[in-house]
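A.B. asks: For reference, the chains in residue letters:
2 protein chains.
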Amino acid sequence: MGNEINRIKGGDICSPKGFTAGSIFAGIKSPGQDKKDIGIIFSETECVSAGTFTQNSVVSPSVTWTKQTLKDNKLQAVVVNSGCANCAVGDQGFIDAKETAEIASKSLSISIDSIAVASTGIIGVELPMALMRKFIPKIELSTKDGAGFARSILTTDKRTKEIAVSFDLGGTEVTVAGVAKGSGMIHPNMATMLSFITSDISIDSNILKEALSESVNNSFNQISVDGDQSTNDTVLIMANGKAGNKKITNIEDSKRFINALDEVCIFLAKEIAKDGEGNTRLIEASVKGAKTLNDARKATKYIVSSNLVKTAVYGRDPNWGRIMMAVGASQIELDESKIEIFVNDIQIVADGIATPYNHQSVVIAMNQPTIRLTVNLNIGEESAKAWGSELTEEYVVFNSAYTT
Amino acid sequence: MGNEINRIKGGDICSPKGFTAGSIFAGIKSPGQDKKDIGIIFSETECVSAGTFTQNSVVSPSVTWTKQTLKDNKLQAVVVNSGCANCAVGDQGFIDAKETAEIASKSLSISIDSIAVASTGIIGVELPMALMRKFIPKIELSTKDGAGFARSILTTDKRTKEIAVSFDLGGTEVTVAGVAKGSGMIHPNMATMLSFITSDISIDSNILKEALSESVNNSFNQISVDGDQSTNDTVLIMANGKAGNKKITNIEDSKRFINALDEVCIFLAKEIAKDGEGNTRLIEASVKGAKTLNDARKATKYIVSSNLVKTAVYGRDPNWGRIMMAVGASQIELDESKIEIFVNDIQIVADGIATPYNHQSVVIAMNQPTIRLTVNLNIGEESAKAWGSELTEEYVVFNSAYTT
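Protein chains in written order, with our numbering: chain Z, 9 to 412; chain D, 9 to 412.
Hints were generated in silico from the structure; no laboratory data involved. Every value quoted in this text rests on a predicted model; they were computed, and no experiment measured them. Virtual Cβ for every residue (Gly too), placed ideally from N, Cα, C. Be aware that a few hints might be false.
So the derived label-pair ranges between C-beta atoms look like this [as the list claims (entries may be wrong)]:
1) Z:72 to D:363: 49 to 59 Å
2) D:353 to Z:99: 47 to 57 Å
3) Z:82 to D:364: 39 to 49 Å
4) Z:39 to D:371: 36 to 46 Å
5) Z:372 to D:53: 54 to 64 Å
6) D:358 to Z:120: 31 to 41 Å
Whole structure, please, built from the sequences with the hints as guidance.
C.D. replies: Spelled out as structure tokens, the structure:
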């Protein structure tokens, strides 16, 4: 296979060895063509696993339950429902999250402690447990239903987000796959980023945690649709070791795995940014020449989070003053007189001030599906990228629609 | 006069003793009915002074100059131009800020070190110094031109923002007055918050600094129009001691002054929030029962900064899930099961979950010019308020208009 990371055409979370999935429509979401609202990912054997979760002080009990299961580190399944966030419902929330795991435990014949749960949808409404009790046992697992699972976790996303890659590890083929949903919020309160990643790699649990944390910092933590953080955000990785590689026990040996994981996470993160509410295009901000990696990440995140940058891109306006303002607002170290700014590959700022450019070329560049805003700080060696949505009238219309 | 703070009807920055102002149209802004674009505030005698400035790493040299003058603490005048931010123009920016002070120094016959400058307008364009040289000497100072000054600092604000109050201090009448501009950003890059406060109080310089910092934290730092921070933000206070009160030399004795200063700053801050781009109404968020003052401030700021809360208010939607999300996103200490939420005075959440309410009453409440969103955390004694704009289609249309 060589050194490269190979995209698996049509691959999904069932591409890694030993994983199956299933999905069903239970009626938690309002009915619609081809809808699904409960999904399960299942591994034949126990997995080492890791997760990153919302930093919001208000947390869905589904997240609380899943955090608890990760401690035992013998995850074998995750049950996800869409249509209801199981959040801000008092003590009932944890009771329902636990019962969801219990129902799946019986139906899958595995221990309740090896089952994670995740929920996405309306805040403040209790999980409809009668539906959960009736439909979870009806879910059929197969290696063919990765795509069904991808559909079952969507709320108002316009499309599913899936990827699978493989790479050679000392003569063994290892596969990493991921699925995600974003936060297209036509319906109020439906704002959750969920991603589930499967792999057949054999890897030490602590190394897996570090790898996930690193990849999430490069990807999901670098996107902004509207700056608001959900109560249910979850990224979960399960690695079952079925690939049969020599177990990875140190960070040095995990480099190739991290590259594959980055490819999966960054792909999914960009898909989420692109599918943001009222949005059809992707803003990719790059900051180069920063003093520290943290500075570069922070500045790019500020650029893609700025309402003024988002509206300027929407208006095809190479408004570099706003980009400068956003970089400065991040309060990173910089020397204004060294800053260069590029739209796609056209330089519009040199030495911190405007430089002559062909205006029409920039407008054409800003009509592309991906608008790359690059800032070179020219004071260091570190760089980072972040991705965001435009801010459009449609976003405002959808999110102010009177629906409660 | 008693204990109260009295609003002075028709008062302005010339209401405190010993202050005059002047303004002119020099042509820095494009011409329009009744426009002005350079203004001066002048004190008969040197003032103790204090300022708070943008935290943006990209800073207008006008701010740099003014910070420097504050060190000498003998401020006697401030020269403000609108239409050009004097920012991101390389070394020329500081040269021009200094020359502006020089021109005013000659025309006012005072030391250059006693002159602050401030600029607001387009980023990346040099100050038109020929106009500055020609028109600053033509500015006539009088006690009648406070209103003219208020107009001269506007960019795309829809109205001027002025206030003056007086109070009794040991038998002496002391006056505090303020003027501000906000950031209605029809034109790209025109995003600056400027406020100038005058007082005839006699006060120690360090006490004045503390008082200003406290009031700014209660007011200007608690507003959000669109979350973006300008390169030119300035709040400047000048106190000339002309009231003739016994000089205030400790914080305890400054309590009444701080109350008056709070009234001035909070009034101006709310005016700015109300006048935000595409916005006609004011969101006032209150958080009560917080563990610390910082928690209360942080949570309220998150509420008024959330695009989802802003659009929900615009849509007259009592969408408490979004308020809960915003409070949680601020990562303050909370106990979800104790949270209460009120829209105006109608309770919609008790014990962290939805409580029955008359839906129509809430919709009517949300049609008011001021929408008060109150969160009681019920875990402590501290409280704070913050103010924000709605997010409307108009904001997006104006800020994406192709104008560069």
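A.B. asks: Decide, hint by hint, whether the structure agrees.
C.D. replies: Tested hints:
Between residue 72 (chain Z) and residue 363 (chain D) the C-beta distance comes to about 23 Å, which lies outside the given range of 49 to 59 Å. Between residue 353 (chain D) and residue 99 (chain Z) the beta carbons are some 28 Å apart, a value that contradicts the proposed interval 47 to 57 Å. Our hint of 39 to 49 Å for residue 82 (chain Z) and residue 364 (chain D) holds, since their Cβ atoms are close to 43 Å apart. Evaluation of the 36 to 46 Å hint for residue 39 (chain Z) and residue 371 (chain D) yields a failure: the beta carbon distance comes to about 28 Å.
Checked against the given bound of 54 to 64 Å, the beta carbons of residue 372 (chain Z) and residue 53 (chain D), roughly 59 Å apart, stay inside it. Here the CB-CB span from residue 358 (chain D) to residue 120 (chain Z) is close to 32 Å, well matched to the stated 31 to 41 Å.
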